[in-house]
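Student: Sequences and hints are given; from them, build the entire structure.
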Amino acid sequence: MLHEIDGGIEWHGGHQVVRVEPWGTDSVRVRAGLSHLRSDIPGALGERPASDAKIRIDDDSGIPTARLVNGEVTAEVGDDGMLRFVRTATGAELLAERRAHFWWPGPRVFSSTGNGYYRIEQRFAAYEGERVFGLGQHTHGLLDQKGAVIDLVQRNAEVSVPFLVSSRGYGLLWNSPAVGRVELADNGTRWVADSARQIDYWITTGPDPAAVLDHYAAATGRAPMLPEWASGFWQSKLRYKTQEELLEVAREYKRRGLPLAVIVADFFHWTHLGDWRFDPAEWPDPAAMVRELREMGTELMVSVWPSVSPLSENYDDMLRRGLLVATEQGPPVHADWADKGVAAKVQVSFYDATNPRARAYVWEKVRRNYLDLGVRVWWLDACEPEVKPGHQENLRYHAGPGAEVGNIYPAEHARGFHEGMLAAGETEVVTLCRSAWAGSQRYGAALWSGDIAATFASLRAQIRAGLNVAMSGIPWWTTDIGGFHGGDQESPEYRELLVRWFQYGVFCPLLRLHGFREPFVDELHPQMSGGPNEVWSYGEEVYGHLRELLFLRERLRPYVMEQMRAAHERGLPPMRPLFVDFPDDDRAWAVEDAFLFGPDVLVAPVTEYGAREREVYLPAGARWRDPWTGEVHEGGAAIRLAAPLERAPVLVREGADVPIAGDAPESAR
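FYI, this note's numbering numbers position 233 of the sequence shown as 233, with every residue one higher than the one before it.
Some hints here could point you the wrong way.
Below, in silico cross-link-like pairs of lysine-lysine (BS3-like), each with a Cα-Cα straight-line distance of 27 Å or less [to be verified]:
id, residue 1, residue 2
1, K241, K345
2, K241, K365
3, K340, K388
4, K345, K388
By construction, these hints were calculated from the structure, which means they are not laboratory data.
Tutor: Here it is in structure tokens:
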């Protein structure tokens with residue numbers, strides 16, 4: 001049965017109910033459940049925008065059908081509840097639901113897991129030649145993910161943002177934080193939630209991928225404007241163990257005349273996990289440290305973990321108040337981790353970021369112990385949360401069972417800091433997060449690619465990962481330059497990797513050097529501290545290259561901020577695949593190892609040891625200039641680009657004024 005309801009269409013068949021509503025420009029939201037639809041399941045979409053969508057229900061032929069026209073997308077609903085989405089102007093099919101079998105099951109399947117929860121499937125048709133991008137960040141090394149199976153679960157370096165952009169001209173958000181997977185097979189697409197109560201998805205279209213990203217940002221929240229200071233260089237290592245050690249590194253950058261926007265106090269600066277305060281034995285005067293850094297033009301970023309040790313001064317109080325993530329069975333213990341001053345690992349809990357009272361409690365500790373001392377930049381590490389083992393089905397959050405809502409945790413964690421900063425009168429919010437979900441961008445969340453290997457293969461995978469993050473609606477992204485795990489300062493191959501990675505990092509939205517370098521030096525916890533990781537730590541030749549790259553980034557910062565303005569206003573990520581700007585160039589859709597940084601810089605990272613040139617495809621519709629040689633190349637063809645170690649392998653759109661080549665100031669040593 002089809003009928004109109006509150007500006008949308010509702011279909012009932014047996015116990016199943018499906019609601020189709022206009023939801024933003026050229027966009028439609030679909031919800032489906034058994035008996036009734038719920039409004040208490042968290043998601044990424046805000047309030048339904050006003051709409052002038054047109055609805056028509058036709059039963060003249062005896063077979064009722066319905067159409068909802070919202071701008072350039074039209075949703076067609078059959079009398080069997082099957083949905084088909086077409087481009088309004090042409091009638092061309094964008095996406096259609098498909099049955100699994102001619103008899104049973106249909107496109108939507110609810111298989112009971114008990115107590116009103118279901119293993120849910122939603123099926124769509126597959127299309128020959130379709131390419132699929134987005135879906136968060138993954139280490140599989142793919143840009144086009146058609147043919148892949150992607151787990152919808154948060155893990156270190158595996159970030160679930162269930163939004164995809166299709167080469168067929170649509171974007172689709174699976175608006176469910178449930179644990180599950182998406183299968184992008186040749187014989188159909190299937191979204192699966194392991195245990196949930198209803199289906200919720202949103203589909204949009206537009207004339208090009210940039211419009212699709214704009215609609216998504218409008219629906220899930222636009223990224224704020226990046227603060228200008230955050231567009232510079234961020235220095236980090238595992239880890240600066242004392243206030244004096246960190247300050248001496250910042251002073252050395254100053255002595256050498258090198259730019260330094262941010263320096264990081266990593267984990268173990270605290271007394272215990274969950275105390276959320278500096279250890280006074282190692283950090284005796286944080287307020288003075290922050291003042292000295294700010295006088296040098298440097299912000300201090302502090303690592304804040306969501307885990308709470310039973311040794312913490314806050315543990316008993318949070319347990320009593322119900323602010324820790326609960327478990328279905330057993331005590332509220334979620335991982336084993338090293339704590340300060342204890343040789344053995346302890347059993348830690350995570351605070352419940354889906355609980356507004358818990359967010360307020362943690363923020364109050366952070367405000368008092370960090371913000372009031374001048375700290376205003378936050379590193380939200382381990383925010384998947386990093387439960388071990390990763391049994392979300394054993395967790396119970398304030399927002400619901402872990403299997404149904406667990407993927408939303410990192411977005412809610414970032415939300416707590418965003419709301420806390422705004423309430424404290426701060427207008428510039430930047431949180432560096434290891435995980436994210438749909439809508440994280442609206443909370444000032446910058447994503448980094450997690451604890452990755454220090455290899456050329458890892459660098460190759462980062463290029464694809466970063467571009468898929470961009471297509472997932474998260475414009476602020478970075479990596480651990482040089483990789484996280486390891487890195488031998490004396491190895492010629494590693495030194496070259498560091499230079500090539502830095503050349504790539506200069507053209508990432510955020511530029512950040514971090515890693516767990518050899519040798520490992522902490523006596524109590526050898527795995528918890530590594531060797532030097534400053535730009536001068538790898539010999540004079542490497543230092544010379546990195547110094548030049550630092551000043552290249554400085555020259556680029558006005559251009560970077562122009563791209564951040566576009567991200568804020570239009571949802572257009574600074575780093576993006578070639579096809580975003582050149583959607584009519586079929587070859588641009590297949591390029592996975594190069595990208596655009598803004599509209600005018602084509603970046604072609606070198607990802608092979610010893611390579612001094614590489615092939616790069618130049619998209620049609622523009623001419624491209626080598627900023628180092630002045631040579632101009634026609635678009636629509638591949639060229640061999642010279643890439644000596646001393647220069648970043650990039651090209652500039654002809655006519656654009658982007659200051660790539662230049663000299664470092666004489667004061668820089």
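Student: Indicate, hint by hint, whether the structure satisfies it.
Tutor: Quick rundown of the hints versus the structure:
1. K241 with K345: holds, 19 Å
2. K241 with K365: holds, 22 Å
3. K340 with K388: holds, 19 Å
4. K345 with K388: holds, 13 Å
In the structure shown, no violation is registered for any of the earlier numbered hints.
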